[in-house]
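A.B. asks: If you read the sequences in order, they're chains A and B. Using this note's numbering, the letters of the first sequence correspond one by one to residues 1 to 318. Using this note's numbering, the letters of the second sequence correspond one by one to residues 1 to 311.
Hints in this document: simulated from the structure, not taken from any laboratory. The beta-carbon is built from N, C-alpha and C at its ideal position, and this holds for glycine as well. One should not assume that every hint holds.
Interface residues of chain A toward chain B, partial, derived using beta-carbon atoms under 10 Å [unchecked claim]: (1) LYS10; (2) ILE60; (3) ARG83; (4) ILE117.
Computed list of lysine-lysine pairs in PhoX-like fashion (alpha-carbon distance at most 20 Å, straight line) [as the list claims (entries may be wrong)]: (5) LYS121/B with LYS88/A; (6) LYS296/A with LYS282/A; (7) LYS62/A with LYS210/B; (8) LYS121/B with LYS210/B; (9) LYS210/B with LYS81/A; (10) LYS67/A with LYS124/A; (11) LYS67/A with LYS80/A; (12) LYS121/B with LYS17/A.
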Amino acid sequence: MTNEVLVQAKDLCKYFKISGGRMLHAVEGVNLEIHRGETLGLVGESGCGKSTLGRTMMGIYKPTKGKLIYSGKEVDLADKKERFAFAKKAQIIFQDPYASLDPRMTVGSIIAEGMEIHGMYDEKKRQERVAELLDIVGLNREHANRFQHEFSGGQRQRIGIARALAIEPEFIVCDEPISALDVSIQAQVINLLHELQEKMGLTYLFIAHDLNIVKYISDRIAVMYLGSVVELATSDELYANTLHPYSKALLSAVPIPDPHKEAQKHRQIIDGDVPSPINKPKGCAFSSRCPLACDKCRESVPQLREMTPGHFVACHLV
Amino acid sequence: MARYIIKRLIYAILTLFVLITLVFFMMRMLPGDPFLGEKAISATALANMNAKYGLDKPVFIQYLMYMGNCLTGDLGMSITYNRPVTEIVTESFMVSADLGIRALIFATIAGILLGAIAAIKRGTIVDSLSMFVAMIGVSVPSFILGAVFQYFLGLQLRKMLGMNIFPIQGWGTFKHTLLPAFALGLGSLATVSRLMRTSMLDVLSSDYIKTARSKGLSQGQIMWRHALRNAVMPVVTIMGPTVASVLTGTFVIESIFNIPGLGKYFVTSIKDLDYTMIGGTVVFYGALLIICTLVVDLLYGFIDPRVKLEE
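Please model the complete structure; the sequences and the hints are all you need to start from.
C.D. replies: Written out as structure tokens, the structure is:
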């Protein structure tokens, strides 16, 4: 891990149009820096905009507002050439390995397609690369001629990883890559991702809701709530010294594999539901559920502030 | 695969056998006989005619004879036209097939395009417009469409332009095929486009389209290489029934547009109680439909690698 910023989101917003001309604010003014070679974990409950942020940061979605900066240069996704060039550098591994592979293509052509589109190598070399990639992710070379439905979930996710690696990207968004897999397979895939990172110097944005795995794999962790990042710190710091009330509640929900400790643990339960991202509350997004909320919280939106070096939090009360 | 095909062929022959049997006895149950209504036939002449077509023998013997002839490919002599039924069928079927294939090509290609575009432009005016066309196609039967086309595109347009762009009846030139093929195909077009739209929407929201996008494929490449190919699957499945509906549709359309096709012969043969002709056309249509379904089922296995045809 270096201190070079590889990907940067600057006031990044992504809104979706929904019926009645209203807007769903999936991602709201996110500022985030991802350093070359690091794994940034992204956690938060379902529907908080993690996946949308991930997809916007690797160019599947065009940001509604704000900038996406890659290696110091702004990426203009409206420009076809630029989007194409960016696609070669940033890839994604999807959550559902069953749905993310075209059912009518052989595994070989799924992996080779990206190389083909980007004009990498000639046909013969591409086939060699496919075999090589299948080796790397722990599958057999012979698997190239099969179809995705002939594989198990774990194997399919390996295919998904091989596919993402095929065009030799620098930055990979892992969008809950293990949550659709069996627990026994999860560890294998996590270790594979880890090895690949060390071998190839990849940079990951790792989206998950399993907090133990995020802690294990991430160098730093960002906590998201209703489209915004509320806390950002190195993973050890975040677990040892949680500041934001939402992060506290989230982390207190992690089960401890010791029944005695688990029984004594104080679980902080937050009342109510996540407010709708269509009609967001004024002020701090968490104010409607925060046990500590005061008038100020309901009035103005807190910005991310650096409390201790490298530990950022968006809360008026800390 | 071979076993599957053999199994299907045996089923097909059984179906055909049941069909012939049913039709044979059902037409014998119809009141009247083929020579009714021809005036001034002497008793001897009638007896001779009956003997010529084997109608003097007991029905069951007639049935056995008919079956035997069918097995050798002989569908008998048409009572009305006094020509071999096989000859009439082959001759007129060429016309029906010509019309049917035109209608089918029009329906599938236009239907797939319309459905795909509606899905891509979901929620826009293009979408609503193509789905409106589809709704008309589904709900208005082909004979009404045929008559409406004849009136507006045939008669009124000719009055307005002084040119005969769409002839309203007859057969022979390309111009003559336009209106009947359009009237015949619109119903299937509607079904195909609705199905295509649904299936395309499904495919477009799937993750592998996002995968393709993330690989850097352009919108056109995504549509062509991933979306269309996957979305067209359900359309292939309904091709069997679609072929059937186009074929049966030709009965009415051929009568309306006065086209000398098999459908027209089929309808008149029932009116004339031309036993051999009814039997012949039914056997022919039955065999055709059975083969169409079989071919579609086999085709499905080739297009979708996930479909395994064994057992």
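A.B. asks: Would you mind marking each hint as holding or not holding in the structure?
C.D. replies: Hints versus structure:
For LYS10/A, the shortest C-beta to C-beta distance to chain B is roughly 22 Å, which exceeds 10 Å, and the interface hint is violated. For ILE60/A, the shortest C-beta to C-beta distance to chain B is roughly 6 Å, which falls under 10 Å, so the interface hint holds. With 10 Å as the threshold, the beta carbon of ARG83/A comes within range of chain B, its nearest partner Cβ sitting at about 8 Å, so the hint holds. Proximity of ILE117/A to chain B holds as hinted, the smallest CB-CB distance being about 5 Å (cut-off 10 Å).
Restraint check: the Cα-Cα separation between LYS121/B and LYS88/A comes to about 28 Å, which exceeds 20 Å; the hinted pair is violated. With a C-alpha separation of about 11 Å, the suggested pairing of LYS296/A with LYS282/A holds against the 20 Å cut-off. Restraint check for LYS62/A and LYS210/B: satisfied, since their Cα atoms lie roughly 13 Å apart, inside the 20 Å limit. At most 20 Å may separate the alpha-carbon atoms for a hinted pair to count; LYS121/B and LYS210/B meet this at roughly 17 Å.
For the proposed pair LYS210/B and LYS81/A, the alpha carbon gap of about 18 Å is at most 20 Å, so the pair holds. About 40 Å separates the Cα atoms of LYS67/A and LYS124/A, which puts this hinted pair outside 20 Å; it is violated. For the suggested pair LYS67/A and LYS80/A, the alpha carbons sit about 17 Å apart, so the restraint of at most 20 Å is met. For the suggested pair LYS121/B and LYS17/A, the alpha carbons sit about 15 Å apart, so the restraint of at most 20 Å is met.
The structure fails hints 1, 5, 10 (numbered hints given earlier, in ascending order).
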